[in-house]
Amino acid sequence: MTVTWQTIADAVSLGGIYALMAVGIGLVFGVLRLVNFAYGQLIMAGAFALALASQWNWPLWAGILLCFAVVLALSEAMDQLVFRPLRGQTPAVMLVATFAVAFLLQSIALLWFGALGKIATSVSSLNTPWVIGGVDIRKISVVAVLVTLACLFALQLLLVRTSVGLHMRAAAMDFTTSRLLGVRANRVIGSAVLVSGFFAAVVAILLTVQFPLVTPSFALQDTIVVLAGVVLGGLNRPVPATLGGFTIGFASGFLGGALPTNQSQYLDSFLFAAVILVLLVRPNGLFTRHGGSAERL
Amino acid sequence: MRRVLPQAAAPVVLVLVAALLGEAASAATQVYFIEALVSVVIVVGLYVFIGNTGVLSFGHISFVALGAWTAGVLAVPVAEKPATMPNVAGFLRHTTIGNVPSLALAALAGAVFALVVGLPLMRLSGLAAGIATFAVLEITNNILQYYEKIGPGQNTFSAVPETTGLWQAAVGALLAIAVAFAYQRSRFGRMLRATREDPAAAAAAGISIYRQRLGAFVLSGLVAGFAGGLEVHLLPLSYRDVYLDLTFVTLAMLVIGGASSLWGAVVGALAISALDSFLASAENGVSIFSGSIDLPSGTRVIVEGVLMALVLIARPSGLTGGREFSLRWLRR
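In order, the protein sequence lines correspond to chains P and L.
Following the working numbering, the numbering of the first sequence begins with 1 at its first residue and continues without gaps.
Following the working numbering, the numbering of the second sequence begins with 298 at its first residue and continues without gaps.
No wet-lab data here; the hints were simulated from the structure.
Nothing false has been slipped in among the hints.
To list a few chain L residues with every Cβ distance to chain P over 12 Å, as calculated:
(1) Val314
(2) Thr326
(3) Val328
(4) Gly395
(5) Ser455
(6) Gly462
(7) Leu471
(8) Met488
(9) Arg620
(10) Ser623
In silico lysine to any residue, SDA-like type, Cα no more than 20 Å apart, as pairs:
(11) P/Lys118 x P/Leu60
(12) P/Lys139 x P/Pro129
(13) L/Lys446 x P/Ser269
(14) L/Lys446 x L/Ala456
(15) L/Lys446 x P/Asn262
(16) L/Lys446 x P/Ser264
(17) P/Lys139 x P/Gln6
(18) L/Lys378 x L/Tyr444
(19) L/Lys446 x P/Gln263
(20) L/Lys378 x L/Gln451
(21) L/Lys378 x L/Gly395
(22) L/Lys446 x P/Leu267
(23) L/Lys446 x L/Leu371
(24) L/Lys378 x L/Asn452
(25) L/Lys446 x P/Thr261
(26) L/Lys378 x L/Tyr443
(27) L/Lys446 x P/Tyr266
(28) P/Lys118 x P/Thr215
(29) L/Lys378 x L/Leu389
(30) P/Lys139 x P/Gly257
(31) L/Lys446 x P/Gln265
(32) L/Lys446 x L/Arg537
(33) P/Lys118 x P/Trp58
(34) P/Lys118 x P/Ile108
Don't be surprised by glycine CBs; every beta carbon is placed ideally from N, CA and C.
Working from the sequences, and respecting the hints, build out all of it.
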């Protein structure tokens with residue numbers, strides 16, 4: 001194993017990005033009890049928006065704006081067209097419905113852009129390194145960590161200081177009772193979906209900087225790893241979910257950088273073996289204190 | 298007995314009808330029927346566990362992959378092995394077995410692997426179980442793809458004798474249905490279904506949820522491994538074909554058919570397969586009734602995605618409502 005500062009910086013930034021995805025998935029799970037498998041495809045759509053914008057030579061801010069618009073519109077459409085009619089169904093049915101949505105979005109991307117994908121060049125200037133004390137640190141690593149912290153801070157403010165945030169927390173704890181006490185279901189679910197979509201757009205931008213080649217399966221593998229991380233952390237609370245996402249992202253980035261090449265092809269095996277071990281010891285999540293979700297799936 | 302007979306006969310008749318239709322079809326379309334029958338085997342395998350326990354598993358395709366590996370590696374003629382699997386070592390290199398033994402071994406491999414995996418994992422439930430089985434899928438696929446000493450790695454299984462014809466697939470589907478039906482009527486199947494309906498009450502009645510789930514997991518691993526054997530004898534297969542996409546498609550077949558009945562599993566597998574092959578041939582241009590349809594390529598998956606979502610929204614418990622077939626539906 002060779003560990004460099006670059007490896008650690010990359011691992012931290014990947015952890016940050018995965019933490020954001022974990023929050024996005026966890027927020028929707030909190031209010032809907034729905035594991036949104038199509039989350040990765042939202043990110044993929046945002047990344048394609050960036051790629052298209054850079055192909056049309058749009059300025060950077062316009063590309064980012066387009067990315068947010070596309071992802072938020074898609075999240076809203078998903079909520080209205082699929083999640084809403086299926087609300088209250090068993091988790092298995094909702095999960096398979098999100099599979100269908102994921103399939104749909106992926107095949108639309110395949111038809112539209114082809115399997116080889118597109119390259120988003122406009123944001124790649126962030127991919128160059130800073131040299132700090134003889135150590136190369138890519139700018140995006142620092143930016144990703146800062147953006148993650150800012151987003152998590154803003155989310156915390158939203159959840160603790162606003163009434164919508166209070167409603168979201170209440171709904172995550174007990175949806176039926178919170179509705180009896182005057183929480184409006186559509187509003188709280190709609191806002192959770194939008195916040196989760198916002199995070200997907202941020203992740204799309206951060207990932208596109210590091211991996212400018214956008215293909216229809218962009219972020220698919222990441223979503224699977226994050227889902228594992230979220231369950232590992234504890235799905236039904238934002239903080240454990242975030243920590244779970246960060247942990248698995250950090251582990252993945254760290255092992256990817258530190259393992260020699262003939263072993264790094266087994267990275268997924270190491271990662272998921274660790275996931276199984278942790279789940280056996282703490283099935284309710286690493287970072288939950290007692291009692292987890294009572295979901296039966 | 299008056300209700301049991303139609304329940305058992307309906308899936309069998311459906312499979313036989315599919316096989317007869319395939320017999321009548323041209324050689325090019327017959328492949329679709331064979332694939333549909335193999336997917337019946339996979340979905341019935343999934344059903345044995347998911348349908349009877351109510352617990353989702355994403356790991357079953359790893360049993361299919363392991364079955365495909367067992368049958369594929371062992372069935373390739375010794376003379377072909379250096380060319381198709383240059384790195385394979387040990388007795389795998391010097392052994393070749395026939396069609397039926399390789400299928401039996403594939404089933405056995407699926408069952409043994411399910412037992413090994415299930416011993417620790419069946420203690421879990423809910424999302425933790427879902428993610429843990431997913432992790433099994435990831436690990437299995439990762440190792441099979443990169444560890445070239447035991448198989449073709451990232452290449453396809455070429456030179457496996459293509460023995461899975463229409464009737465082998467049909468007999469396979471009938472065997473799977475027989476196993477699933479016998480299990481769900483047995484004492485163990487009933488105990489397991491009791492834990493699905495009310496885990497607390499079942500446990501209070503003295504049923505060990507862990508043991509019953511483990512039993513179903515091993516049995517469904519057996520069926521899934523067998524399906525993998527059938528599949529590797531059908532087409533040159535690569536491990537990428539028995540991974541995420543197949544997991545989602547087969548789960549969708551089960552849920553759309555109706556996850557809690559054997560009838561639902563068979564109907565779902567055949568309905569989605571029929572839709573899939575119809576759209577696949579429509580992409581090449583097909584004439585139906587008086588008009589002809591010619592869809593641009595790639596629309597298949599889009600139409601399927603939309604239809605799946607629509608079915609789930611309109612009939613969340615599946616096409617069959619998760620019930621076994623009953624003659625009363627016809628009389629009404």
